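Student: Residue numbers (the working numbering): 1 to 149.
Heads up, some of the hints might be wrong.
What the hints assert, rightly or not - As a list, the in silico DSBU-like pairs of lysine-lysine whose alpha-carbon atoms are at most 35 Å apart:
| # | residue 1 | residue 2 |
| --- | --- | --- |
| 1 | Lys94 | Lys73 |
| 2 | Lys140 | Lys60 |
| 3 | Lys60 | Lys85 |
| 4 | Lys49 | Lys60 |
| 5 | Lys53 | Lys126 |
No wet-lab data here; the hints were simulated from the structure.
As the structure is a prediction and not an experimental result, all values here were calculated from the model.
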Amino acid sequence: MELFIALLCIAVVLSLAWRWKQTSVFQKLGIPGPKPSLIFGNILELYKKGPVKCHEEWVKKYGRVLGYYYGMKPVLLVTDPYLLKDIFIKDFNKFINRESFTPIHRYEPKNPKSQSVLILPGQAWKDVRSILTPTFTVAKMKQVIYCCR
């Protein structure tokens, strides 16, 4: 019995140490952000206030680039337009996969409802993107606007 309690205490201490290491990623990188709890990260605050209000408060408090934890998952929030331009244009090929925070919008290869360009991973995203890109040229968008008037 004493051995079991000792092993349990060691397991708890090791898991808390591992979790502390996981929740100090942004701190080590020098990225500001709200202090996470060891168990839930910042998820409780997100659920209490709502993500939009939390993000607005955090941007005011920590700046345009900040890090928080959605449970155990580190999330980098970027609101700086110039940095976003670099990410979406110059470093475009490095950010093809999107993370879905809701289980409703997970990618399932056999489900046509999950074939959205916002959800698709890797090569599937590239294939759909190559089909959609010619559709949204400037000339074609002008035609759409002309038809709508």
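Student: None of the hints should be skipped; say for each whether it holds.
Tutor: How the hints compare with the structure:
With a CA separation close to 19 Å, the supplied pair lysine 94 and lysine 73 stays within the 35 Å bound. With a C-alpha separation of about 39 Å, the suggested pairing of lysine 140 with lysine 60 is violated against the 35 Å cut-off. Among the hinted pairs, lysine 60 with lysine 85 is consistent with the structure: their alpha-carbon atoms are about 21 Å apart, no more than 35 Å. This hinted pair checks out: lysine 49 and lysine 60 have alpha carbons roughly 15 Å apart, not beyond 35 Å.
For the suggested pair lysine 53 and lysine 126, the alpha carbons sit about 33 Å apart, so the restraint of at most 35 Å is met.
The structure does not agree with numbered hint 2 stated previously, though it agrees with all others.
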